[in-house]
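Trainee: Construct the entire structure; sequences and hints are all you get.
Number of protein chains: 4
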Amino acid sequence: MYNFTNDYNETAHRDLLKAFSNTANQKLTGYGFDECCIKAKENIRKQLKSPSADIHFMSGGTITNLTAISHILKPYQAVIAADSGHVNVHETGAIEATGHKVLTVKTTDGKLTPELIEPILTFHCDEHMVQPKLVYISNTTELGTIYSKQELKKLYQFCQKNQLYLYLDGARLAMALAAKDNDLTFPDLAKYTDVFYIGGTKVGAFAGEALVFNDTTISQDFRFSMKQKGAILAKSWIVAVQINVLMQNNLYLELGLHSNNMAGKLKTIFENAGLTFAAKPQSNQLFVNFPNALAEKILNYYRVDKIGQTDSKYTCLRFCTSWATQDEEIKKFAKQFQKWIE
Amino acid sequence: MYNFTNDYNETAHRDLLKAFSNTANQKLTGYGFDECCIKAKENIRKQLKSPSADIHFMSGGTITNLTAISHILKPYQAVIAADSGHVNVHETGAIEATGHKVLTVKTTDGKLTPELIEPILTFHCDEHMVQPKLVYISNTTELGTIYSKQELKKLYQFCQKNQLYLYLDGARLAMALAAKDNDLTFPDLAKYTDVFYIGGTKVGAFAGEALVFNDTTISQDFRFSMKQKGAILAKSWIVAVQINVLMQNNLYLELGLHSNNMAGKLKTIFENAGLTFAAKPQSNQLFVNFPNALAEKILNYYRVDKIGQTDSKYTCLRFCTSWATQDEEIKKFAKQFQKWIE
Amino acid sequence: MYNFTNDYNETAHRDLLKAFSNTANQKLTGYGFDECCIKAKENIRKQLKSPSADIHFMSGGTITNLTAISHILKPYQAVIAADSGHVNVHETGAIEATGHKVLTVKTTDGKLTPELIEPILTFHCDEHMVQPKLVYISNTTELGTIYSKQELKKLYQFCQKNQLYLYLDGARLAMALAAKDNDLTFPDLAKYTDVFYIGGTKVGAFAGEALVFNDTTISQDFRFSMKQKGAILAKSWIVAVQINVLMQNNLYLELGLHSNNMAGKLKTIFENAGLTFAAKPQSNQLFVNFPNALAEKILNYYRVDKIGQTDSKYTCLRFCTSWATQDEEIKKFAKQFQKWIE
Amino acid sequence: MYNFTNDYNETAHRDLLKAFSNTANQKLTGYGFDECCIKAKENIRKQLKSPSADIHFMSGGTITNLTAISHILKPYQAVIAADSGHVNVHETGAIEATGHKVLTVKTTDGKLTPELIEPILTFHCDEHMVQPKLVYISNTTELGTIYSKQELKKLYQFCQKNQLYLYLDGARLAMALAAKDNDLTFPDLAKYTDVFYIGGTKVGAFAGEALVFNDTTISQDFRFSMKQKGAILAKSWIVAVQINVLMQNNLYLELGLHSNNMAGKLKTIFENAGLTFAAKPQSNQLFVNFPNALAEKILNYYRVDKIGQTDSKYTCLRFCTSWATQDEEIKKFAKQFQKWIE
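Protein chains in written order, with the numbering used here: chain A, 1 to 342; chain B, 1 to 342; chain C, 1 to 342; chain D, 1 to 342.
If you are wondering where the hints come from, they were derived from the structure by calculation, not from laboratory data.
If several chains are the same, the list does not tell them apart, and a pair holds so long as it fits within one copy or across any two.
Mimicking BS3-like on lysine-lysine, the simulated pairs with C-alpha atoms at most 30 angstroms apart in a straight line are:
id, residue 1, residue 2
1, Lys267, Lys180
2, Lys149, Lys267
3, Lys180, Lys27
4, Lys331, Lys27
5, Lys161, Lys306
6, Lys74, Lys191
These numbers come from a predicted model, not from an experiment.
Mentor: Printed below as a string of structure tokens:
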């Protein structure tokens, strides 16, 4: 049975594994003070063209989000997110567990804009309500869509003007930056967000993300928060070496591109079959509306995520490809799919 | 300037003040173990026809909600509420500050039904999402509407079937039980909720509510939670004596009825003027749609809550009457209002 | 049976009751924006000679401590307290429930000094440990002892030098300021603490304390924290009018003095009987070491707190007098006691 | 410069690395539902002779402690620990950050006994204080000492009798079970604790611990807590494969034994030099009292932990060896040390 459920079903890309294995003969300092961490940070800062960025290596997305956000906010301050946002839906209330409300905005494409946020600011006008303080976005979004440079810049300027922090969840940042429609660069992320993370787990690492504070006034004492949340790995270098390889020779974007290209092939297949998408297909996730019977067939033979009913006749399924998806898998699926729709 | 902003702008009803003053000559045990508390609890249990109800005296609505709900839930469990619910909007994230997410449902009348809750249960199917566990309702609702006996019973049975707790916020319970359309009784509340509170602050008490656990399996050790949240008053009897008077000779319902009747007179005035309501007027809160210019005038001369724009031409204002509103106030307003609309 | 258990067993002093009753004919704005609150704050600021003090009316000691401390600290910061401190022992982990560790120091007299705190600062040197940030003291202390002006000043200067906040719990501040050995004044408290509260519940109020921020950089947005913790009373004036009366015509200190004097009479009785004290008797609490048999007798006839065994032969009991203790009660006890020890 | 600071300064044992690398060619299910996880759990259950044990793979010690303990306790319940306990000192208030107080007992050897715990239970008698509910111990302790079977059994029986849960932190469990004085086995841990973890990070794994619930009534819904705390690794198998290898062919105990043996050689060197130990040397950590000047010399040439002053003349240093410490390192140190003390 083939599998387009997710992009974290294979251990790690061979280049990362090799770099990881090479650490086996060294004696390294614990808790992130080793040479691998230092080197990886320098490399990231260079890519970001941001010599003062404050960088921390984390073991996964949820712990990165909750540790950073709870560090930044005061107890009565809240997060603004799309209602489809990962922190709102798929982290079992991790933000709330640290004491903070997540205020949500309905969106059709998973993206936030100043226009969508404005009413929340207007509404929350006194101390009987939480104080909105941090805008959470992800790129790619939960729906696989991406932010353009213009969109991100406008959002950041709006946040600046309204004393809001802008946090970008980069679990699938590689896919965003490698998307055909993308015009964002790493230095843009350093310029137009207060804090973001470079996701590794979904881009060829066996675990690990690099959290980057562009605004270092909010990262003071961050290691205290990390330790308190259980987010400092004793052997932090195991993440650092992986991120370091990803950030060399364009590998990060290459893996993102491969993920997108594999989805692109599926997209062509579905378009040729006259199917529509619940969200604009821009990266490695496709949200496809299938006639119910066809969806059934697919679910019987493939592991893909069932998102829900589009309407009474159509079912929405998510196809997710990865850095490790092989041409062969797409071809076999195409062949099978062709039979079903004939 | 007259004032229809709220129902907590006068200290206390004279009967409560008198009973309160009478405690001044006694020496009483601290922390809720005194005779006033014991007597008041007995009285409440009698009214509820529920000899085993576990009752606690609290100083206000928000601290009652947060202490009870955080006591009942496990860290990963969530509250379900109407999006207009007090715990969702007007308690500055008090529930989230204790670690729990509030899941919301859009409603037109502020009321929850099994049909509205069902999709939340279906959606929250695994450990990547919070576990819905407690349904929060208020009666009257934030929009002044009320639950019928049939509605509450159906909701409770649905909760029982789905292992959900049903919590009823009774900040304005007197107005609900005294409403013309009401068919609920105190014993019904004991039967068809797991926990609810009898609100005093908005019904003639200077402070205080009585929290009632019908399901005593969830109230075990509740005094630990009370102390931890700062909710045990050293002199708990100051609340108990007030609630006790309210629960005697039908005073609680009488004060609720008076509040409703005063609103009823305003309702007639507005209906005669051809105005519409944003929510069905059933109790002491009226949500009235005024032409923008008229709303302006009212806001200049009266203290009432501006809810927002109904549409481009109409503004929604809330009129709230209370146990202490006097006929004279209504008449003066009526006279003034008549001039404006002529 | 007579009762020296505590100083919160009678409703309220007659002057406070009278002022409270006088509010019954007014219509007042909710949530602390009424004229009574404004007037009481002005009065307090005048007594403190501190025109910029930021003052808030609270319903009790524990909720005051937890709301203020959790507002001031960042998630990884900790409180330093005497191991006998109220926040450490008798608030059911209220501080920890807001996420903060309480670091403790063993003391013989319940008082903190720079010398006692210094080792904690030295020890907590990196992010694997919490960051000590707020020093919690009470005056009088849990053991009934008091701080001299010199002691408080030194402690405050030490805190300033080490970027620590100094918080003073004034549940029994009246007794401290009225103690024979005292040389502190209200203006000293404004000068030598960052934040403190003027306790009412144990000094003739039926409920209520006035929280005073001297350092207003840490009180920004404090009303958000108050609302979130359920600490804003809808009818805040019920506290304000009481505190206002206490702060007029020296009543606060008079009630403190009366409490102390009553304890002073008990002290003489015990000294004459050759008994010793577990803590220096300076205010309205006496910690007396009784031979076990005598302690037994007392516990059979009086309600007093049993603190524990001083050693195998002696039992420590706490006698606590109050603003309402009457000469007659002392005399009757003296008579009975005399019989027992003859 | 040589290094006896810690036991987590090298990536991973070669057998674990090999097993890990072997996963690179598989497609595995995310979040702990893959075959590696299933197989590793079966293997652990077999070693524990406990077919019903509920096992979860975690990324590190602190996140294991905080996730498990916060899952088990109700909001007002507290942990009992030795004052030297890791959760009390070296986790930046992680337990308190989840809302729970840590009650501490002074010990000389880092070990808890019924006699030490009893007074805490007696003292915490009402709702003004937290409710002690979980006893936290570690084996080996923070001081490198170990629990005998008889000690653990007595402690567990005491906990059972007093409705306390017994939690054992096994960060260095291998060293405990491989200690010369040890008589505990894996099945004993299943019998005499409610929950414990098999530490990997300090025993040859690059990251990872296996948390074992023996009492499965307290592990219900544990994956919700894991997700909420950021403790579910997308690729959980990276921990599982390592733990699985450790639990095969006695490797876990072998690595523990090697760690202990290396420390044993240092112990002989120090004993021959007439030095004393601050805690009984039983495992891979030695707490040695050096004359101040000698301590200075060592600190200049070696990375070891300075614990503090034993007294004015002696300084306590911690030497920590590991599964990766080589004979050569010990020999070189011995040679150098010999020169210093001659």
